[in-house]
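Enquirer: Listed below, chain by chain, are the residues.
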Amino acid sequence: MSAWIGSQTRLLVQGFGREGPRHAAISKQYGTQVVGAVRPGQGGTEVDGVPCFENVKRAVEATQANASVIFVPAPAAGDAILEAAAAEIPLVVCITEGIPVRDMLRVRAALRGTKTRLIGPNCPGLMEPASKVRIGIAPPSIFKPGPVGVVSRSGTLTYEAVHQLSQLGIGQSTCIGIGGDPIPGTSFIDALEFFASDPATQAVVMIGEIGGTAEEAAAEYVAAHVHKPVAAFIGGRTAPPGKRMGHAGAIISGGKGTAQEKVAALEKAGIAVSDSPATIGATLVQVAPGLKP
Amino acid sequence: MNVHEYQAKALLREYGVDVPPGKFARTADEAEQAAIAIGGTVVVKAQVHAGGRGKAGGIKLARSPQDAKSIASEMLGMRLVTKQTGEKGKLVSKLYIEAASKIDRELYLAMLVDRATQGVAIIASTEGGMDIEEVAARTPEKILNVQIDPLVGICGFQARNLALDLGLEGKQVASFEKLALALYRLFLEKDCSLLEINPLIVSGQEVGPLDCKLGFDENALFRHPEIEALRDPDEEDARETEAGQHGLSWVSLEGNIGCMVNGAGLAMATLDIIKLAGAEPANFLDVGGTADAERVTQAFRLILQDERVEGILVNIFGGIVRCDLVAEGVIEAAKRIGVAVPVVVRLDGTNAEQAREMLASSGISIIPAAGMQDAAEKIVAAVRS
Numbered sequence: 133m134s135a136w137i138g139s140q141t142r143l144l145v146q147g148f149g150r151e152g153p154r155h156a157a158i159s160k161q162y163g164t165q166v167v168g169a170v171r172p173g174q175g176g177t178e179v180d181g182v183p184c185f186e187n188v189k190r191a192v193e194a195t196q197a198n199a200s201v202i203f204v205p206a207p208a209a210g211d212a213i214l215e216a217a218a219a220e221i222p223l224v225v226c227i228t229e230g231i232p233v234r235d236m237l238r239v240r241a242a243l244r245g246t247k248t249r250l251i252g253p254n255c256p257g258l259m260e261p262a263s264k265v266r267i268g269i270a271p272p273s274i275f276k277p278g279p280v281g282v283v284s285r286s287g288t289l290t291y292e293a294v295h296q297l298s299q300l301g302i303g304q305s306t307c308i309g310i311g312g313d314p315i316p317g318t319s320f321i322d323a324l325e326f327f328a329s330d331p332a333t334q335a336v337v338m339i340g341e342i343g344g345t346a347e348e349a350a351a352e353y354v355a356a357h358v359h360k361p362v363a364a365f366i367g368g369r370t371a372p373p374g375k376r377m378g379h380a381g382a383i384i385s386g387g388k389g390t391a392q393e394k395v396a397a398l399e400k401a402g403i404a405v406s407d408s409p410a411t412i413g414a415t416l417v418q419v420a421p422g423l424k425p
Numbered sequence: 130m131n132v133h134e135y136q137a138k139a140l141l142r143e144y145g146v147d148v149p150p151g152k153f154a155r156t157a158d159e160a161e162q163a164a165i166a167i168g169g170t171v172v173v174k175a176q177v178h179a180g181g182r183g184k185a186g187g188i189k190l191a192r193s194p195q196d197a198k199s200i201a202s203e204m205l206g207m208r209l210v211t212k213q214t215g216e217k218g219k220l221v222s223k224l225y226i227e228a229a230s231k232i233d234r235e236l237y238l239a240m241l242v243d244r245a246t247q248g249v250a251i252i253a254s255t256e257g258g259m260d261i262e263e264v265a266a267r268t269p270e271k272i273l274n275v276q277i278d279p280l281v282g283i284c285g286f287q288a289r290n291l292a293l294d295l296g297l298e299g300k301q302v303a304s305f306e307k308l309a310l311a312l313y314r315l316f317l318e319k320d321c322s323l324l325e326i327n328p329l330i331v332s333g334q335e336v337g338p339l340d341c342k343l344g345f346d347e348n349a350l351f352r353h354p355e356i357e358a359l360r361d362p363d364e365e366d367a368r369e370t371e372a373g374q375h376g377l378s379w380v381s382l383e384g385n386i387g388c389m390v391n392g393a394g395l396a397m398a399t400l401d402i403i404k405l406a407g408a409e410p411a412n413f414l415d416v417g418g419t420a421d422a423e424r425v426t427q428a429f430r431l432i433l434q435d436e437r438v439e440g441i442l443v444n445i446f447g448g449i450v451r452c453d454l455v456a457e458g459v460i461e462a463a464k465r466i467g468v469a470v471p472v473v474v475r476l477d478g479t480n481a482e483q484a485r486e487m488l489a490s491s492g493i494s495i496i497p498a499a500g501m502q503d504a505a506e507k508i509v510a511a512v513r514s
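Those sequence lines, one after another, are chains Z and P. Quick note, in the working numbering, the first sequence goes up one by one and the last residue is 425. Quick note, in the working numbering, the second sequence goes up one by one and the last residue is 514.
Everything labelled a hint here was simulated from the structure, so no lab data went into it. Please note that a few of the clues may not be correct.
[Said to hold, decoys possible] Distance condition first, Cα-Cα at most 16 Å in a straight line; then the derived EDC-like pairs of lysine to aspartate or glutamate:
no. : chain 1 : residue 1 : chain 2 : residue 2
1   : P       : K319      : P       : E143
2   : Z       : K388      : P       : E263
3   : Z       : K375      : P       : E364
4   : Z       : K388      : Z       : D407
5   : P       : K464      : P       : E423
6   : Z       : K375      : P       : E365
7   : P       : K212      : P       : D260
8   : Z       : K375      : P       : D366
9   : P       : K404      : P       : D503
10  : Z       : K375      : P       : D147
11  : P       : K300      : P       : E335
12  : P       : K212      : P       : E262
13  : P       : K217      : P       : E365
14  : P       : K342      : P       : D320
15  : Z       : K189      : Z       : E151
16  : P       : K231      : P       : E335
17  : P       : K231      : P       : D147
18  : P       : K223      : P       : E159
19  : Z       : K160      : Z       : E186
20  : Z       : K375      : P       : E383
21  : Z       : K388      : P       : E262
22  : Z       : K375      : P       : E369
23  : Z       : K388      : P       : D243
24  : P       : K217      : P       : D320
25  : P       : K404      : Z       : D407
26  : Z       : K388      : P       : D260
27  : Z       : K400      : Z       : E352
[Unchecked claim] To list a few chain Z residues with every Cβ distance to chain P over 12 Å, as calculated:
no. : residue
28  : G138
29  : Q140
30  : V179
31  : P183
32  : N187
33  : A219
34  : D313
35  : S319
36  : F326
37  : P331
38  : G340
39  : H357
40  : G387
Small disclaimer: the values here were computed from a predicted structure and weren't measured. Note that the Cβ used here is the ideal one computed from N, Cα and C, for glycine as well.
Chain Z with its partners taken away, still in its complex shape:
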């Protein structure tokens, strides 16, 4: 059971249009306790067995929710995050893509000193197979419980990596999608700090991409503080500079944030970097051979 999520997780869903109910149902079926949804104007109703409330405050009072997943559209998502933090929800996972950077600058500054950990935005969320907790949109079938922590800026590339691990018989402790935006709530370092002291995690897979310097900072952190094997992959070696490659944060600007620089920094810190996305699982086996059954 991890410090961030576990069998005690009681999940609230903010944004209950189309994606919200669909993923709430999948999480429920997987084994997660989905205790309520926020639907302004529809408080007091019930959708698919999930009670709906006017706002986060009332939802928390009624359900003791201790986590929230946000599907609110981009123009209002920043406000939704702040609303959850004001209600003192300890874990908020924002799936929404397209939130203006200015809004996230404000949100990040406002969250300082609060009890809330934000994951995302623009992320697939969290998975903890051992406790059947699924917060977000990841496909449950590819995961299995096991000793590898996964932290990633990507969605489907994470599924690719998890799939490779599972096929090798190596399960996952916690899978954290930190998202593809330039101003995320949780960084690689935050996730690595968690994995370093998590008894359920024996090795880590890190999936980064071009843009920013988060991987370089993480490499330094690993060298100093993480004494478990780490394997990594960095996407975007072929990306041209100045172009946003899908994710808002995936852009090489002013010559900074290239994949090559990140790979060099990770290798310098003793992290094994897979050249190809097809060998992420195999690279983890290289650094942690004992984990392969």
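Position chain P against the provided structure of chain Z, taking the given hints into account.
Expert: Just chain P now, with coordinates in the frame of chain Z:
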């Protein structure tokens, strides 16, 4: 999203920043008229979304309106090749005619979102009018960095301290402070991602922008129709624009292998694995969470607009996306538009088995692949043969 210098300066004027008088011109006659209206020596400036115009002959002094006219007629229609444009350069079709300024000193000033500190950074240097990346590489101590807390905003003392560190004196300090506060307001209110003044010039007691480059956060354009309206289709890749209209995320590249993938990270990794297999991708394309017949058809159409494309790689890891729906989409798209190049399809995840059976019995020629490595090898082999 970027805008031209003349558009950036119009925005600066809106925020109370003094910029030299200037006029937009599309023809040599308009340039002459502009020079007459402005009076005195003017500068004829090519308007393209790229830096390094001066060295490439895109910025020229004109001492008379006739001079302005002849410079303009030479510049219009020329291909400007700068360090930032690539070999092909950019076609000049727009000009900005601006009053010449007296330049005592050239400084550098920029504002950008600092991902490492999660705030706004003001970058300044006494080495203006130069390639700032070169300055940063050779003399990093000449790059000044002031961090702004987004909740606090810029403080007057921060601006004045920076002015002093730049060697400004007397009334120049007040002029710089006024400018910095106005620029910060513009930066936030208009949701800029980058604001760059290079050079920032000192003319006597005044400090002002000689050039201005503005970049805007694409995620915020929904709340800035006035900025969206400044888009110049001549400066954008036509397929990127068209893809955007269909909700597809697209970047044109130089190779011969077209790609269609779900998810930006997986899409980038697909480009990488194609390169590892010894070939070059023709495009980045993230079809996102909906890869149905409509989307796949649009994607194939966009990819095939490029005559250089000799093969297509479809790489889908279906999580919530069902692989059988993708297979349906690929089959229908192939039938609708008739794809004449080899297509390799790798499908994994939800309903992948079913999807592979559908493709096998579809009657259209598609090469199935198991995993990313197999997919990359197969498309490269198919294109070579």
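Enquirer: Would you mind marking each hint as holding or not holding in the structure?
Expert: Results for each hint:
1. K319/P <-> E143/P: Answer holds: K319/P to E143/P is near 12 Å, not above 16 Å.
2. K388/Z <-> E263/P: Holds: K388/Z and E263/P sit about 13 Å apart, inside 16 Å.
3. K375/Z <-> E364/P: Holds, at roughly 14 Å.
4. K388/Z <-> D407/Z: Judged against 16 Å, a Cα distance of about 20 Å means the pair is violated.
5. K464/P <-> E423/P: holds (12 Å)
6. K375/Z <-> E365/P: holds (12 Å)
7. K212/P <-> D260/P: Measuring from Cα to Cα gives roughly 10 Å; hence the hint holds.
8. K375/Z <-> D366/P: holds (11 Å)
9. K404/P <-> D503/P: holds (14 Å)
10. K375/Z <-> D147/P: Since the Cα atoms of K375/Z and D147/P sit roughly 32 Å apart, the hinted pair is violated (cutoff 16 Å).
11. K300/P <-> E335/P: holds (7 Å)
12. K212/P <-> E262/P: Answer holds: K212/P to E262/P is near 12 Å, not above 16 Å.
13. K217/P <-> E365/P: With Cα atoms ~14 Å apart, K217/P and E365/P stay inside 16 Å; holds.
14. K342/P <-> D320/P: holds (14 Å)
15. K189/Z <-> E151/Z: violated (22 Å)
16. K231/P <-> E335/P: The hint holds at about 10 Å.
17. K231/P <-> D147/P: With a Cα-Cα distance of about 14 Å, the restraint between K231/P and D147/P holds, given a limit of 16 Å.
18. K223/P <-> E159/P: Within the cut-off at roughly 11 Å; holds.
19. K160/Z <-> E186/Z: violated (22 Å)
20. K375/Z <-> E383/P: Given that 16 Å is the threshold and the Cα spacing comes to 14 Å, the pair holds.
21. K388/Z <-> E262/P: holds (10 Å)
22. K375/Z <-> E369/P: It holds: about 11 Å lies between the C-alpha atoms, which stays within 16 Å.
23. K388/Z <-> D243/P: Status holds; Cα separation ~12 Å.
24. K217/P <-> D320/P: This hinted pair is violated, its Cα atoms lying about 31 Å apart.
25. K404/P <-> D407/Z: holds (11 Å)
26. K388/Z <-> D260/P: holds (15 Å)
27. K400/Z <-> E352/Z: holds (9 Å)
28. G138: holds (23 Å)
29. Q140: holds (26 Å)
30. V179: holds (19 Å)
31. P183: holds (24 Å)
32. N187: N187/Z is indeed farther than 12 Å from all Cβ atoms of chain P, at 23 Å.
33. A219: holds (20 Å)
34. D313: Answer for D313/Z: violated, closest chain P Cβ roughly 8 Å.
35. S319: violated (10 Å)
36. F326: Holds: least Cβ distance 19 Å, greater than 12 Å.
37. P331: holds (29 Å)
38. G340: Check fails; 9 Å does not lie beyond 12 Å.
39. H357: holds (18 Å)
40. G387: violated (6 Å)
Violation of the numbered hints given earlier is confined to hints 4, 10, 15, 19, 24, 34, 35, 38 and 40; the remaining hints are satisfied by the structure.
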